[in-house]
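Engineer: For chain R, the structure is supplied; the task is to place chain A on it using the hints.
Number of protein chains: 2
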Amino acid sequence: MFLDQLDEGLDAVEEQLRQVIATDVTLLEDASNHIVESGGKRLRPNVTLLSYLAAGGQNIFEAVPLATAVELVHTATLVHDDINDHSLTRRGRIAVHARWGRTFALLTGDYLFTKVYELMAPYGAKFNVIMANACVKLVEGETLQAEAAKNGAINQVIYKTIISRKTASLFEAASRMGALVAGAEEDIVEALADYGYNLGLTFQIVDDVLDIVGNPQTLGKPIGNDIVQGAGAFVAQNGKKTLNRNITAEIDPIKDMLAKLRDSGAVDVALAQAREWASRSRNSLSLVPYSLAREELDNLVELVIEREN
Amino acid sequence: MFLDQLDEGLDAVEEQLRQVIATDVTLLEDASNHIVESGGKRLRPNVTLLSYLAAGGQNIFEAVPLATAVELVHTATLVHDDINDHSLTRRGRIAVHARWGRTFALLTGDYLFTKVYELMAPYGAKFNVIMANACVKLVEGETLQAEAAKNGAINQVIYKTIISRKTASLFEAASRMGALVAGAEEDIVEALADYGYNLGLTFQIVDDVLDIVGNPQTLGKPIGNDIVQGAGAFVAQNGKKTLNRNITAEIDPIKDMLAKLRDSGAVDVALAQAREWASRSRNSLSLVPYSLAREELDNLVELVIEREN
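Respectively, the protein sequence lines represent chains R and A. Take the first sequence: its position 78, counted from the start at 1, is 84 in my numbering, and no numbers get skipped. Take the second sequence: its position 183, counted from the start at 1, is 189 in my numbering, and no numbers get skipped.
Just so you know, these hints were derived from the structure itself, not from any lab. Hints are not guaranteed to be accurate.
Now the stretches of chain A that chain R is said to cover, found in silico as 3 or more residues with beta-carbon under 8 Å [as the list claims (entries may be wrong)]:
| id | stretch |
| --- | --- |
| 1 | 84 to 92 |
| 2 | 99 to 113 |
| 3 | 116 to 122 |
| 4 | 128 to 134 |
| 5 | 149 to 159 |
To give an idea of the chain R side of the interface with chain A (calculated C-beta under 10 Å), a few residues [unchecked claim]:
| id | residue |
| --- | --- |
| 6 | 31 |
| 7 | 86 |
| 8 | 109 |
| 9 | 116 |
| 10 | 117 |
| 11 | 120 |
| 12 | 140 |
| 13 | 147 |
| 14 | 148 |
| 15 | 150 |
All residues carry an ideal CB built from backbone N, CA and C; glycine is no exception.
Same shape as in the complex, but just chain R:
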């Protein structure tokens, strides 16, 4: 019964993702479909829908457009990220800019973002303010990351700021909006918002670790890319201080860097930090009344920590 409702919600999100991107401008629809259909974990919509149910929501379809919008924001950023990172593959498929060219990829990212806005607009001020703030933070985080990569200057504080803005903010918006649309009391909304925020931090650090120790086949993208872009630098700085971070986009230095990182103990330090955030995420759930949905949110933390792609 509970799982049926979640599945129906997730199916509805898939359906709506496709509906929302429909347009008579075929190229935009094709390029949007290309990235949307490539799947991905749909982690953020899961967070929205489960938060809705855990907060006592009775009709999952109330939360579907919000879940769709959150996934669309994520999708839009992937398209623009891949342009900036020169990544040629994404989720095992050719990246949008590699297939349609940079101009159309830039426009496709813009298009997906305007579609988020269009989808959210009828929801009124409360939800739009949350989503807009998350989007602003996301772009700020991406910018701080690109700057840190360029300047080679990163430390634990900057890393936390970056992943807090570029990743955790949207996860927080995902759970907060789910709880709010369920009509939950403020303490429940805040507990679930904290859950989402800390889950987001956990997710991102695991993501950066996977860029170092992951399997490119399982990930559907090459590894070492974040190190080149500076994103995995926090993980790196936990390693031997003498590690030379002056790496370039050539293949051998990356392989060398990754091997050194794996041996340096940096990954273990990073994963310990991720477990700390994971535990905060779980602790927030103790303020939420027991339900199967809460149980599932708890399981999600484990999945994020244990994931291999």
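Structural biologist: Showing chain A alone in chain R's frame:
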């Protein structure tokens, strides 16, 4: 008294443009300021504020955030357009991507767009739906234009679709939101929306003509760029049918093309079309009660037709 109020409104828009883009991510603030401070005609905020006053609005500051948001959308698109068009100057200044690089320019455009969303979010569903629709159309129009340029396939119908979506939609949103926030009756709102839409069409065709016959110094940007990008192709197609449109980004063919175009009579045909739209724009005003603001909206049409930059 009337002009005082308009000036106060326009000053408030300038002030708010600067406030809105403030962030601790210095690079985003600097790059945003660079494009915002470069000025521009502020035509869209003028349309919003004048529509507000013409619709009977009494407190111009009610319309200021909407006017600011409309200008910010336009500003965001300029940053992304300049990346895609490889334009090195804008409003007589170096383009954002030429100064900060493509990655940061892409992020600056995204940032400005998320700031539009943040600024609009408190306004509730009615205004956000209008703005979101305009933004979607804008990106669709830009995409159709880039496709037409790439395929070298353009005709009068496609050209109208392109400029309707990429330019007229935002002008329409500008006047419609101004009238709505003034609390005007539906027929007044629609009349002012029509005014904005037709003014937008007029504006764009004059823009494309200026790209052929304008003075680069007065314009603050090089001419011939739109022809290369395909935007001025409608103007071109009004000329001699034997005109060879297989031009590239080299300097001489553009000069040659522009010279041929000026001699072909194409510009006169295009301007005749612009005058037709200008006259529709003015006619819409006849449904709006007389006021100094309505008079000023009428003057704006003339300014748009006669403008040299």
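Engineer: It remains to establish, for every hint, whether it holds in the given structure.
Structural biologist: A quick look at each hint next to the structure:
With 3 residues carrying a beta carbon less than 8 Å from a beta carbon of chain R, the stretch 84 to 92 of chain A meets the three-residue requirement, and the given coverage holds. Chain R is given as covering the stretch 99 to 113 of chain A, and this holds because 5 residues of the stretch bring a CB closer than 8 Å to a CB of that chain, at least three being needed. Requiring three or more residues with a Cβ within less than 8 Å of a Cβ of chain R, the coverage given for the stretch 116 to 122 of chain A holds, as 5 such residues are present. Using a Cβ-Cβ cut-off of 8 Å, 5 residues of the stretch 128 to 134 of chain A lie near chain R, which meets the minimum of three, so the contact claim holds.
Under a criterion of three residues with beta carbons nearer than 8 Å to beta carbons of chain R, the stated coverage of the stretch 149 to 159 of chain A is upheld, 4 such residues being counted. A distance limit of 10 Å between C-beta atoms decides the matter here; for residue 31 of chain R the minimum to chain A is near 5 Å, and the interface restraint holds. For residue 86 of chain R, the interface hint holds, since its Cβ comes within 10 Å of a Cβ in chain A; the closest pair sits about 6 Å apart. Restraint check, residue 109 of chain R versus chain A: the minimum CB separation of about 5 Å is within 10 Å; hint holds.
Hint status for residue 116 of chain R relative to chain A: holds, with the closest Cβ pair at about 5 Å, below 10 Å. A distance limit of 10 Å between C-beta atoms decides the matter here; for residue 117 of chain R the minimum to chain A is near 5 Å, and the interface restraint holds. Using the Cβ-Cβ criterion of 10 Å, the hint placing residue 120 of chain R at the interface with chain A is satisfied: the shortest such distance is roughly 4 Å. Here the hint on residue 140 of chain R is kept, as its CB sits about 9 Å from the closest CB of chain A, short of 10 Å.
Annotation: interface hint on residue 147 of chain R holds; nearest CB of chain A at approximately 9 Å, less than 10 Å. Among the interface hints, the one on residue 148 of chain R holds; its C-beta lies about 6 Å from the nearest C-beta in chain A, closer than the 10 Å criterion. Checking residue 150 of chain R against chain A: minimum C-beta separation of about 6 Å stays under 10 Å; hint holds.
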